[in-house]
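Asker: Generate the whole structure from the sequences, applying the supplied hints.
Just so you know, the protein sequences line up as chains B and F, in that order. The first sequence maps to residues 1 to 237 in UniProt numbering. The second sequence maps to residues 1 to 237 in UniProt numbering.
Don't read these hints as lab results, they were simulated from the structure. Careful: at least some of the hints might be erroneous.
What the hints assert, rightly or not - With beta-carbon atoms standing in for the labels, derived distance ranges: (1) F:Ile-109 x B:Lys-71: 33 to 41 Å; (2) B:Phe-151 x F:Gln-185: 28 to 36 Å; (3) B:Ala-153 x F:Lys-115: 25 to 33 Å; (4) B:Thr-34 x F:Lys-206: 41 to 49 Å; (5) B:Thr-230 x F:Ala-155: 47 to 55 Å; (6) F:Gly-80 x B:Gly-178: 30 to 38 Å; (7) F:Asn-163 x B:Glu-154: 41 to 49 Å.
Note that the structure is a prediction, hence the values are computed from the model and not measured. Every residue, glycine too, gets a C-beta built ideally from N, C-alpha and C.
For reference, the chains in residue letters:
2 protein chains.
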Amino acid sequence: MDIHFETIGIIRSCFKEKFGIPRQAGLVPAATATLELLPPYNQAEAFTGLEGFSHLWLLFLFHGNDRQSWKATVRPPRLGGNTRLGVFATRSPFRPNPIGLSAVELERIEQQSGKIILHLKGVDLLDGTPIIDIKPYLPYADAIATAKGGFAAEAPKGHLTVNFLPEPEQTCLTLEQGDYPDLRQLIVETLRNDPRPAYYQQRPQKNSFGMKLFDFDLRWEQDGDSITVTELHRSDR
Amino acid sequence: MDIHFETIGIIRSCFKEKFGIPRQAGLVPAATATLELLPPYNQAEAFTGLEGFSHLWLLFLFHGNDRQSWKATVRPPRLGGNTRLGVFATRSPFRPNPIGLSAVELERIEQQSGKIILHLKGVDLLDGTPIIDIKPYLPYADAIATAKGGFAAEAPKGHLTVNFLPEPEQTCLTLEQGDYPDLRQLIVETLRNDPRPAYYQQRPQKNSFGMKLFDFDLRWEQDGDSITVTELHRSDR
Chain B
1 MDIHFETIGI IRSCFKEKFG IPRQAGLVPA ATATLELLPP YNQAEAFTGL EGFSHLWLLF
61 LFHGNDRQSW KATVRPPRLG GNTRLGVFAT RSPFRPNPIG LSAVELERIE QQSGKIILHL
121 KGVDLLDGTP IIDIKPYLPY ADAIATAKGG FAAEAPKGHL TVNFLPEPEQ TCLTLEQGDY
181 PDLRQLIVET LRNDPRPAYY QQRPQKNSFG MKLFDFDLRW EQDGDSITVT ELHRSDR
Chain F
1 MDIHFETIGI IRSCFKEKFG IPRQAGLVPA ATATLELLPP YNQAEAFTGL EGFSHLWLLF
61 LFHGNDRQSW KATVRPPRLG GNTRLGVFAT RSPFRPNPIG LSAVELERIE QQSGKIILHL
121 KGVDLLDGTP IIDIKPYLPY ADAIATAKGG FAAEAPKGHL TVNFLPEPEQ TCLTLEQGDY
181 PDLRQLIVET LRNDPRPAYY QQRPQKNSFG MKLFDFDLRW EQDGDSITVT ELHRSDR
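Answerer: Written as structure tokens, this is what we have:
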């Protein structure tokens, strides 16, 4: 079945590579993003009434995946990467139809000179993600208080402590005076959820990691449950 | 952007036509359906772990829509059909990319002779709906207790009273002894939500309605908030 889908908008996010992206929406509240609608979807009237909703569903394409095939089972990081579960029992991005689903907070809707830009919070989306649908979050239908969540019944603990060396701490403070007011909070929320691939938990010899955040290179070291941010500087890539 | 999507399974549901389908999942708990997986997705291991989840997300195609185009605004039945809202502020099936999203209850997973069949409850799905993805419902990410629901903050009232004339009542009792154990409950839950298109609420002269349910023709009359089921018999269509 070949279906013609239109990309209705593109995500601009602080997450510039897959490593470090929160594993579900809402886990990193400080992760903000914008969604700019593409023509012909950049019409104010197509969004009339959306401002009354605090959250919305984004349907998107997992566009950063090189792997084209799917496998019947995957190894969720939540289970330490050792246990195989069915792909349909997980939110793995490697699935028969690479569509993602995220409930994100809608902060505000910006209209300017023919542009419609949604300002979002709590995203788990790679920069450049193509959006194929936006739906309002309907609490009476979507917030199922009695639902049982299998192997992922609770949120990940987010239990790591995050400290900064003096130099990246100072850089962070400086950047917060400018265009990145919640940068420290974003770094702490991102790292405390342990972004390492599950198989690193069996590799105690490797303890230094890096990711891109906005256009900065962030590096940290991990020792047990303790993380130290060692570097934060503008990327030269 | 042309993307190749695979239909991974097909819904078999009591709802054989669009009229009468609940307007969201969960509004008619007695609305059961099965989802039979198509090859190569009919592998037991692709569902390992799903049995621990009480609910799942179905992503599906709105296949029964004749209209190919989308409009920037729609008139939600919830607002009486008089008010235009942006298409992205609604769950209207007429949208740029005709993908639907439903959180349904997973009753059980049946495996028999190479088949995988998911038994579902609370569906709002037309018979024959093509499914393109199944994801577990993750309470910690998806059940947002604080979400605000705009013009659809509360569930529809489901306030109509539903009575049966003696003949369809008897037919119902007989059918409940056979293959349709919860038929009366299904009829009551479906009709009390007022399945009429919004514009009928301004047409008091028309008060007789019909829909197909399984392979039965169901007819009822509506007088204000009171519904009387007048006919229930096997369809000869």
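Asker: Run every hint past the structure and note whether it holds.
Answerer: Evaluated hints:
no.	hint	result
1	F:Ile-109 x B:Lys-71: 33 to 41 Å	violated, 19 Å
2	B:Phe-151 x F:Gln-185: 28 to 36 Å	holds, 33 Å
3	B:Ala-153 x F:Lys-115: 25 to 33 Å	holds, 29 Å
4	B:Thr-34 x F:Lys-206: 41 to 49 Å	holds, 47 Å
5	B:Thr-230 x F:Ala-155: 47 to 55 Å	holds, 51 Å
6	F:Gly-80 x B:Gly-178: 30 to 38 Å	violated, 49 Å
7	F:Asn-163 x B:Glu-154: 41 to 49 Å	holds, 46 Å
Hint check: violations occur at hints 1, 6; the rest are consistent with the structure.
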